[in-house]
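S.K.: In terms of this note's numbering, the sequence shown opens at residue 806 and continues consecutively.
By construction, these hints were calculated from the structure, which means they are not laboratory data. Bear in mind the structure is a predicted one, so any value in this text is a computation, not a measurement. Treat each hint with caution, since some may be false.
As the list claims (entries may be wrong) - Label-pair distances were calculated between CB atoms; the ranges are: (1) 898 / 1226: 34 to 42 Å; (2) 916 / 1215: 43 to 51 Å; (3) 1240 / 1052: 41 to 49 Å; (4) 1220 / 974: 45 to 53 Å; (5) 848 / 1019: 48 to 56 Å.
Stated by the list, open to error - List time: in silico SDA-like cross-link candidates among lysine to any residue, alpha-carbon distance up to 20 Å: (6) 1095 / 1277; (7) 956 / 997; (8) 1062 / 836; (9) 1090 / 1215; (10) 1062 / 835; (11) 1131 / 837.
Even for Gly, the Cβ is constructed at its ideal location relative to N, Cα and C.
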Amino acid sequence: MEELDVSSVARKSIRGILALTTRTFFIQSVSFGANFFLTIFLSPAVFGVFFVVSAVIAFLSYFSDVGLAAALIQKKENITQEDLKTTFTIQQLLVVSLVILVLVFSTTIGKFYNLQNDGILLIQALAISFFLSSLKTIPSILLERDLNFNKLVIPQIVETLFFNVIVVSLALNGFGIASFTYAVLARGVTGLITIYLISPWKVGFGFSKISARKLLSFGLPFQLNSLLALIKDDLFIAFLGKILPLSQVGYIGFAQKWALMPLRLIMDNVIRITFPSFSRLQDEKNILTKAIEKSIFASSFAIFPSLTGLVILSPYFINLIPKYTKWEPALLSLLFFSITSAAASISTPLVNSLNAIGKIKTTLYLMVFWTVSTWVLTPILIINLGFNGVSIASALISLSFVAVIALTRRYVDFNVINATFYPLISSIVMGIAIFFMGQYLAKSLPGLFLVISLGAVIYFLTAYMLGKEQIKKDILFIKQNLR
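Construct the complete structure from the given sequences, taking the supplied hints into account.
M.R.: Printed below as a string of C-alpha cells:
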C-alpha cells in the first residue's frame, strides 16, 4: 500500500468516526428518549414479547447472507459488477425463502411462545421488514467500501426517527404491541427509499462461479462466526422466552439494553469504520498496531465512565422517575451486563481486527467457546439464581477478553495497557466521587443531573492530568486529518 493510500484511509477513517459518532449520538438520543417513554407506558411483558420476537427474526436473518457482504468489504481488490450481482442474487434467494417460511409458520411460532394475534402480526411485520432491509445491502456496501460514512448514516437517522416517533405515538394511544408492528414496517420502507436515493444501484441478477467461490472462501467462515454469535445471543433469548415468564425476560431486556447503550453509541461506530479501514491496512503492520491501540482507547475512553455512572446512579433513576420502580428487579442484572460491556469494549475491537486481517478461523474458535459456554453455564445459573443468572453468566464469560488479547498479539504487537490505563483510572476516580455525591445531592432529578455533570467534569479533568501528552497528540492527529 502506498503512503498516499494510507493517508487517505486515515483521513477518511477519522472523518468517518466523527461523522458517525455525532450522528449516532443524535440517533441514540432519539432512541433513549423513546425508550424512556416506552418503559413508562408499556409493561415488562410487552417489552418481553418484542424482545423475544425480535430475537427470533434476528436469528433467521443470519441465514440470509452467508458472509458475502463482509467478503466484499474485506476484499483487497476492486469489486466488480459480477461480484455485486452474484452477492445480490444469492442473498435474495435466501431471504425470500426465509421470509416465506416465517409468514407461513408465524402462527405456529406465536403459539410456541403463547402470543396473541398482535404478537403474531409483529412476527409477520418483522419478517417483511427483514426483506426490505436485505435490499439495502449492495448500496450500503458501495458506501462502506469507499469509507463514505457521512452518507451511510443518513438512512439510519431516517429509520430511527420514523420508528421511534411512530412507536411512542401509538404506545401513548394504547396500541400496545401493535405500536412496534407499525413502527418496524415504517422503518423498513423509509430506510430502503433513502439508501437508494443516496447510493443508487441498478438492481441486477446474475451468478459467477469464480466470484462466488472467492467470496465464499472468506464469507462462509465469517457467517458461521456470526451464526454462532446469534446462537449465543438471540437464539438464547428466544429460549429464555420459553423457560422464563415474559416479565422476567423484560427485566433481562431492560438491563441488557441500557448496559449495551454505550457500546451501541461508540463501539458500533468504531467497528463499522475499522473493519474496512483495517482491511486496507493488512500489509501495514506498524500503522495497524497504532490504529488498534487508538480504537481501543477511543472506545474505552467513552464506555468505561458511561458504564460506571450507569451502575452507580441507576438506583436513583429508578426511585426518582415516575412509574420506573417496576424496573427495580433489573438492577442486579444491569450491574453484571455492564461488566460484560466493559470487557466487550476491549475484546470486540480486537476480534474485529482479526477479521479484518483475514484471521477468521481464530475468531471462529473464540466464538465456539463463547457460544458453548453461554448455553452450558447460563441454564445452570438460572436454576440456582433465577433470571439474574443470565447476566452473571454473561459477565463471567466476558472475562475471557484476556485470551482475546493474547491471541491478537500473535499477529499484531499492540499494548492494551497503554490504551486502557487512563480511562480505567479516571473512571474509578469519577465513580468514587459520584458514589459519595449521590448520597447527598441525588435526592431530586435536578440534583441527580448535577451529580452527572460534576462526574463528567471530574472524569475529563482526571483523564487530562493523567494522559495530557497522549491526548494532545491525538487531538493534533485528528486536526491534521480534518483539513
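S.K.: If a hint holds in the structure, say so; if it does not, say that too.
M.R.: Status of the hints after comparison with the structure:
Taking 34 to 42 Å as the suggested C-beta distance range, the pair residue 898 and residue 1226 does not conform, at roughly 50 Å. The hinted range of 43 to 51 Å is satisfied by residue 916 and residue 1215, whose Cβ atoms lie roughly 49 Å apart. A hinted range of 41 to 49 Å is violated for the C-beta pair residue 1240 and residue 1052, which are about 30 Å apart. A hinted range of 45 to 53 Å for the beta carbons of residue 1220 and residue 974 is consistent with their spacing of about 50 Å.
Between residue 848 and residue 1019 the C-beta distance comes to about 51 Å, which sits within the given range of 48 to 56 Å. Proposed proximity of residue 1095 and residue 1277 is supported: the alpha carbons are some 16 Å apart, at most 20 Å. For a cut-off of 20 Å, the pair hint linking residue 956 to residue 997 stands: about 14 Å separates their Cα positions. For the hint linking residue 1062 to residue 836, the alpha-carbon distance of about 11 Å falls within 20 Å, and the restraint holds.
About 12 Å separates the Cα atoms of residue 1090 and residue 1215, which keeps this hinted pair within 20 Å; it holds. Of the supplied pair hints, the one linking residue 1062 and residue 835 holds, its CA atoms being roughly 15 Å apart against a limit of 20 Å. The hinted pair formed by residue 1131 and residue 837 meets the criterion: a straight-line CA distance of about 18 Å does not exceed 20 Å.
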